[in-house]
Amino acid sequence: MADPIHARALALLRRGTGWPDVRFRNQQYESIEAIAVRRARLLVVQRTGWGKSMVYFIATRLLRDRGSGPTLLISPLLALMRNQVEAAVRIGLRTGRIDSSNQDEWADIEQAVRDDILDLLLVSPERLTNPRFVERVLQPVSTRIGLLVVDEAHCISDWGHDFRPDYQRIVRLLRNLPGTIPVLATTATANDRVVEDVARQIGRVETVRGPLVRSSLRLQVIRMHDPARRLAWLADVLPDLPGSGIIYTLTKASAHRVTDWLRARALEVVAYTGAMDREREHIEQALLGNKVKAVAATSALGMGFDKPDLGFVIHFQRPPSPVHYYQQVGRAGRNVERAYGILLEGGEDDEIAEWMATSNELDAEHVRQILHALEQAEEPLTPARIEASVNLSRGKLLHALRLLHAHPTPPVDRDGMRWTRTIHPYQPDLEQLQRLRRLRERERERMARYVDGERCLMEYLQRELNDPSARACEHCSVCVGSPLVPVNCSQETLAEAQRFLRRQYVVIEPRKRWDVNALATMKLEKTTIPSEWQVEPGRALCRWGDPGYGGLVRAGKQRELRFDQRLVRAVATMVRVWEPDPFPQLVTSVPSLRTGALVPDFAARLARDLEIPYLDTLAKVRETRPQKLMENSYQQMRNLDGAFAVRERHPLARRVFLLVDDLVDSRWTFTLAGALLRRAGAAAVYPVALASTAPDR
Amino acid sequence: MTPDPDENKLAILLLCSSFGAHDSDARPLSVAEFNKLEGWLRAANLRPRDLLDPAARDTFLSETTTPEHAERIRRLSERGFMMSHALERWGQRGIWAVTRAEERYPARIRRRLAQQAAPVFYGVGDPELLARPALAVAGSRDADEHALAYACALGGRAADEELAVVTGGARGVDRAAIQGCLERAGAACAVLVAGLYSAAVAAHNREMIADGRLALISPFHPEAGFTAGNAMARNRYVYALADWSVIVRSELAGGTWSGGTELLKHGWSSLFVRASEDEGNRALLERGALPIPAELDEIDRLRTLFERTSSARAAPVRGHRSKPPASGEQLTLDS
Chain U
1 MADPIHARAL ALLRRGTGWP DVRFRNQQYE SIEAIAVRRA RLLVVQRTGW GKSMVYFIAT
61 RLLRDRGSGP TLLISPLLAL MRNQVEAAVR IGLRTGRIDS SNQDEWADIE QAVRDDILDL
121 LLVSPERLTN PRFVERVLQP VSTRIGLLVV DEAHCISDWG HDFRPDYQRI VRLLRNLPGT
181 IPVLATTATA NDRVVEDVAR QIGRVETVRG PLVRSSLRLQ VIRMHDPARR LAWLADVLPD
241 LPGSGIIYTL TKASAHRVTD WLRARALEVV AYTGAMDRER EHIEQALLGN KVKAVAATSA
301 LGMGFDKPDL GFVIHFQRPP SPVHYYQQVG RAGRNVERAY GILLEGGEDD EIAEWMATSN
361 ELDAEHVRQI LHALEQAEEP LTPARIEASV NLSRGKLLHA LRLLHAHPTP PVDRDGMRWT
421 RTIHPYQPDL EQLQRLRRLR ERERERMARY VDGERCLMEY LQRELNDPSA RACEHCSVCV
481 GSPLVPVNCS QETLAEAQRF LRRQYVVIEP RKRWDVNALA TMKLEKTTIP SEWQVEPGRA
541 LCRWGDPGYG GLVRAGKQRE LRFDQRLVRA VATMVRVWEP DPFPQLVTSV PSLRTGALVP
601 DFAARLARDL EIPYLDTLAK VRETRPQKLM ENSYQQMRNL DGAFAVRERH PLARRVFLLV
661 DDLVDSRWTF TLAGALLRRA GAAAVYPVAL ASTAPDR
Chain A
1 MTPDPDENKL AILLLCSSFG AHDSDARPLS VAEFNKLEGW LRAANLRPRD LLDPAARDTF
61 LSETTTPEHA ERIRRLSERG FMMSHALERW GQRGIWAVTR AEERYPARIR RRLAQQAAPV
121 FYGVGDPELL ARPALAVAGS RDADEHALAY ACALGGRAAD EELAVVTGGA RGVDRAAIQG
181 CLERAGAACA VLVAGLYSAA VAAHNREMIA DGRLALISPF HPEAGFTAGN AMARNRYVYA
241 LADWSVIVRS ELAGGTWSGG TELLKHGWSS LFVRASEDEG NRALLERGAL PIPAELDEID
301 RLRTLFERTS SARAAPVRGH RSKPPASGEQ LTLDS
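Those protein sequences? They're chains U and A, same order as listed.
Just so you know, we're using the numbering used here here: the first sequence kicks off at 1 and counts up by one.
Just so you know, we're using the numbering used here here: the second sequence kicks off at 1 and counts up by one.
Read the hints as simulated data drawn from the structure, not as lab findings.
Everything numeric in this text was worked out from a predicted model, so none of it was measured.
Glycine included, each C-beta is placed from N, C-alpha and C at the ideal position.
Warning: the hint list may mix true and false statements.
[As the list claims (entries may be wrong)] From the structure, some residues in chain U lie toward chain A, with a derived Cβ separation under 8 Å:
#  : residue
1  : L72
2  : I91
3  : P140
4  : S142
5  : T143
6  : L148
7  : A377
8  : T420
9  : R421
10 : S592
The following block holds chain A by itself, in its conformation from the complex (with noise of 0.2 Å):
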């Protein structure tokens, strides 16, 4: 028998997904507007999959809201055939579709990004591996070839430890700390702007995704084009999976700085920034960063080093294994 899908699931993909290029005109719902009306259902004591029924669907958007936003919602709502296409034609590359009200969301975004996590993850590969205690190494596209060095032996040593490595997949840093890691048999996991549609038959992707050892996710639907704006949005994703973070190396500006710094602010995992003469590394380090030496064989075990300093020096860092499942629980639709 077909399992039935889960209705709240397809509700959300509906308000929240584009579903391709030539997508309706109506603009898929913002974090911060999904949120909203999450809250005005619970406050109808209704569901997202109730707004599938176009007559409940329409009696409560005219209670709720202005007819403008109702109007978009409905246009959204009625996509159901193309995103079942379009989940049809991802599925044949291997890409699955997340919700925020599936169990299989990624608990330590779902726990640590609480409300600003994104509604929908899309991804292809073994999602267990997001699970895993995990090593988030980032740095700028352009770093020269020693932070590259360090950053692929960075991912050989996570490997070496079993710490799964989370980066942004983006050229440079990221790609390098993947390769070491992959290399030496660990487990990656990359969270990408753009492009899955395309990296998930990539030739040299697919042999690491059916392995179980790759994973490509993204908060953007699979046939989404970069922006800079989704760039910057990705970076909270990265540090939110991983238990420790890594910058390799920062200016004092653009993506990896200001990843940096909200990290600083938000605490989501340790942040530890090596300990260069670069200038935006010494800025991250002013700032409250931990340090974690220029040269890696100063590093006897990379995990004695990470427990270690953030217990010594740190505030408090939510680790998803130190806490009971926190407020973020009660964010999920399932009841």
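Excised from the complex, chain U in its bound form (with noise of 0.2 Å):
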């Protein structure tokens, strides 16, 4: 061809990879050359390796070499991974990143910007949104923008099965961008319905579309209800699969757990969740370098991560979509001949996802709340004053407002750290909450029915997003007839993953502050709970519902109203794994007015077994509402003051206390009743309860 421009491009793309003869893949050069010469607007949906980083780095270079402005990536990776950075350097970009974490930086980014030596700069969603980062660093930076790239695009749509508010935000300021701007989109996993509606809402924007199938990728299920055995199983495993790869979970605490049990299996894991801030792209490149075994890891891991040469990927849990598991089990395969995505099926799945999804939906009776205290405000409120008259945790209530915020027309505006109302009116989308409802339904059905494995699972799966070629992969264990990796497990194993499932102990950390205006008759002056009235670090023996006690809890809860021996030899066995130091000398429990002899009768029988008198120290002087209807801090704090007394006959003084309660969420019952035994001279004071109904950590 001599058409200059294309001559130019390939040299770059050669340059880039490094491959002398490497052609363009289809479709390739055409994107690049609408971008970079018509300036169109573009949504490229390609797989995971395909290169549509290529395209937008020769687009910049391109553009750049005619005196446009800088790239904008947006983007949710954390950065770019290094053979992205190595083909960058090699095509001749400077690339940067502005967040929140390398504000050092910032001042050469925005020299580099003046001084027009930087060619692409990556942002993420979020930070466009906050108000003192788009003053302080998108400005200054943003003023001659030559390229506007949008990656994962199918989280503008709310019928995709990763709809981000933030990504509104992009929609509503590419309303408003000059057609002269070029855009590129780009997705690896979207279905029709997906590709349209972002299309749609992008505005003005051709679509590019290729085939999703990966022939590499050898896909199997199994059925396994038991933890345990799924536990086993991966144990069992995990050392025969070929190279490195992903184990994902529904939760952060499973993530964890596998972990946990993994490593004890002196297997080379670690976990990695969205929770986690530093660590992550630490964790991405020691999975990148082959060098762990596995990454336990809740789907906070994938956007944009690319690893060509990914052995595996393992699902612990079913997903909730089609999507959601191609876009997950298409990371494996990309470079090598042979890799597995293997899904297991557990029984707590459906719970878990429907869980998750209803708690991140707006609360309707919240939002009227949320309102009313920015309505009644006459100046523009921090999230701690909203708490005070709104019954919600800091973090429900700030993704309330974060929805909100993300509203077309919203009914709330950021001012720095503070939340103001504005003049939009607010009346909650039902109809739209009704559809995204139907809408998993039907998903998770879908999902289900894969793993029915009625044919050829590659093929569903392409299916399921609309790919037309899709066809029978004669890879799958459903094409083979028969699984590819064994479905059994060794009985020891299975036996030792029982035990650790039953030794899940929780560390319940001391809390250190209070607030005065909550805890009104103890006429506090600090905000800093001295540490002469402070409890020590204790354990909780499960989390509520988990595999290996939560069953025997519930029931002592809810059905027998007394709790099973055997939990007592468990907390007994826990505490001395422990071995708390100083050493307990007393037991004692949290009154209740409402559950009466249920934990004293625990704690009593606790303390034979452990050997130790058991003493009835504190009285609930007066009725609370159930700690677990309060939501935040603060009305936690409040519906605690004053509730409880020490019985006055009860010399503590100088002795250690294991202070027992059946169940632990917010820490506030422990840290109010604690602070009062050692008021009244307790030496230390050791938290224990039977279940942890707090978060994940």
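Hints are included, so try docking the two chains, each in its own frame, into the full complex.
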């Protein structure tokens, strides 16, 4: 071809990849040309590894050569992958990233933009909505953006599996972007409906779409409802799987439990969740460099993660939709001959998925309370001030504010760290809520059908994603007609896994601060809890609903109204394994007017097993509402204020206590009851609970 | 389907608006500078949107102006992302922007100020409010109790007679007039010098704006700071938005005084001045302003007074209902 732009683009491709004979993949050059020459808006739907980043790298280079400003890449990615950075450098692009964690680099990046030597800038969608960040960082560097790239564009659609409110802001931003600034939106996973919806929302967009099949990927499904069996299977099978891979779990707690278990079995496994911050990049690098056998991760590991030689992707639970599943399993086997995608179906999957989905929904009554609080205020409010009048945890409050803020006509807006009501009226979109619920239901059904394995697994996924090239893969367990990886585990491993599940102790960290206004009767002056009133770190036997002892705890609390002797023994074992130092001399318990003898009875039996005396030291002097209904610290503290008193007749001086309760959530009960004991002279108080109902670590 | 944005509008915003405190160091075009550029474009048979295309823009500029000016326009027009981000950010609070290229641009300002009219107006609230029969009320910030009570009562009377009240939104007379008007269920508009971004969500404004009874507009961008120069430039928009204007109290210098004399010179609306003993008031009356009684209870109906007095005494005023669309229309960029 004599086209000089094509020739230049091809030279850049070869330089970028380091392969002197490489050619453009199907539609790759056409995409570059559309952006860099025609300044079009383009939606590219291609599987991971097709070369989307090469498209915007080369387009950026071509545009920059002709004097355009730098490219802004909006991506949930923490950083460009190392191989991407290398390709960018070879093409002659200088890239930068701005986020809250690299403030020390902002000035340099700003200067590089001013000097016009920065070519591509990476920023996360959340940052675009943070007023302080926008003013201090984004504005100075965005004065002449020449190309806008929106990564993971399926997040725009609420028909998608991964709708993110922040992406709605991007859509509105595109609406007023002059047509002469080219836009590239990319995604690796979207079915027809999502593609159409994204295209409609972006507006004036051309769509480029390629096939999704990955021929080296071997798919298999295994039904295994017993979690101990699934853990045992993992431990037995993992060493024989090729290379390193990912084990996806639905919850953070599962990711950590799988990790703890496999590490106890001497396997190199690390956990990865969205709650981790700084370690994430490090773990990704470890996985990329095959320094670990596997990463046990929630869906937080995904977006933009690109490892060409990923050997396997195992799902410890069934993901909520075929699109989710394809996106995650499709990370395996890009550049290797053989890789495994194995889905384990557990019994709890639907329940977990539904719980996670509904806990993300906006509650109409909470919204009403939030808006009311903001309307009554003369000035914008901090989240802490809103909490005082809305019974909502900080996390849920911020989530609700963010969802409201992403609304097309948002009823709230940010003012620095504060929030204000806007002039926009608010009506909850009940129709949309119903539609999303039905969609979730349908997708779960489609995923359940996948596990039925009635036809080729790969073909099933492709059809779910409306890939016109869908056909039987001839490699999956259904096509082959027998398991690719053994479906059994050894009895010894199984017994070990069962023991492991019964030792899922949870550390109860002591609280260090309280709110003096919420605890009026204590007449406090300082928000720091004096160290001589604090409790020690404690332990809970398990998490509420855990596979190990979760069932027994629930039965004791809800049906039997007495805790099983096995729980007494298990807690005693826990205390002995734990070895608090100094060791407790007495057992006491948190009194309750509602559950009566349930906890004291258990505590007394525990004392017997530990061979130390039991003492009823605390009295409940006023009825309180169930603490689990109190959603934030302020409400929790106020609910307990003045509820407990130390029984006068006991000399507590210099004694060490185990303080027993059945459930622990916010830790305020332990904190306040413990403070009373310590104020009355106790030398140390160790909280002990049967189960923690607190969210994942 | 997302409607295509009006690219002429976007181009005018890029040329004439600032988008925040840390905008590029290229200075947006002044009204005069924009008018000049518009003339060049017209001569070349181009429209503002043609400046969005880098190649077309550079060719046009190299043939038309100095390299320095061309560079400034290039830098301004490259701020597309910044602009869309600012419009989105402002839109969160219900703030809109309207340019001279659009039908929605306030008709009275377009007609009366013609080439002097700001290329861009920003606002929050119902723009329809700006088309109603309106009374402008002005007066010094440090007016005495009596003048404030007068302004408040005047606002109330305007509301009763279905006249919208237009003011500069400053403290003193301006706010008293708006308060009086809103208290009697009227509609009001304030032309702000600064602070539109925070005023749009201020607790005392929100409900009135949401009810469609208060509009806040400004020829300066929503996050602009206050300057005395802008305050002076703002006065003419207050008067140009009204059919009749009343100065409650003026000194012999300062904003009210210069606004009043400017209005007398241009005649955007007929100027009434309260017939009080204030020096400034007397001087304005001597220069041709029409008197309005110093006590409101001497007036039976405001409209009767305004209509009778202005037709009897004043030079013809280009009222919005008495004339067909005037010469200002040719300035619109939609053809």
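If you take the shortest Cβ to Cβ gap from R421/U to chain A, is it below 8 Å?
It holds, given that the least Cβ distance between R421/U and chain A is near 6 Å, below 8 Å.
Residue hint T420/U, partner chain A, criterion CB-CB below 8 Å
Holds, about 5 Å.
Tell me if T143/U is really an interface residue toward chain A, meaning its C-beta lies closer than 8 Å to one of theirs.
4 Å, holds
Interface hint check: I91/U, Cβ to nearest Cβ on chain A, cutoff 8 Å. Holds or violated?
22 Å, violated
Interface hint status, S142/U versus chain A (Cβ within 8 Å)
5 Å, holds
Chain A contact restraint for L72/U - C-beta distance below 8 Å
Holds. Min distance 6 Å.
Let me know if the C-beta of A377/U comes in closer than 8 Å to any C-beta of chain A, holds or violated.
7 Å, holds
Checking hints one by one. Is L148/U an interface residue toward chain A, by the C-beta closer than 8 Å rule?
6 Å, holds
Satisfaction of the S592/U interface hint, Cβ to chain A closer than 8 Å:
Hint violated; S592/U Cβ to chain A Cβ min 44 Å, cut 8 Å.
Quick one, is the P140/U hint okay against chain A at 8 Å, beta carbons?
5 Å, holds
Of the hints listed earlier, those the structure fails to meet are numbers 2 and 10, in rising order.
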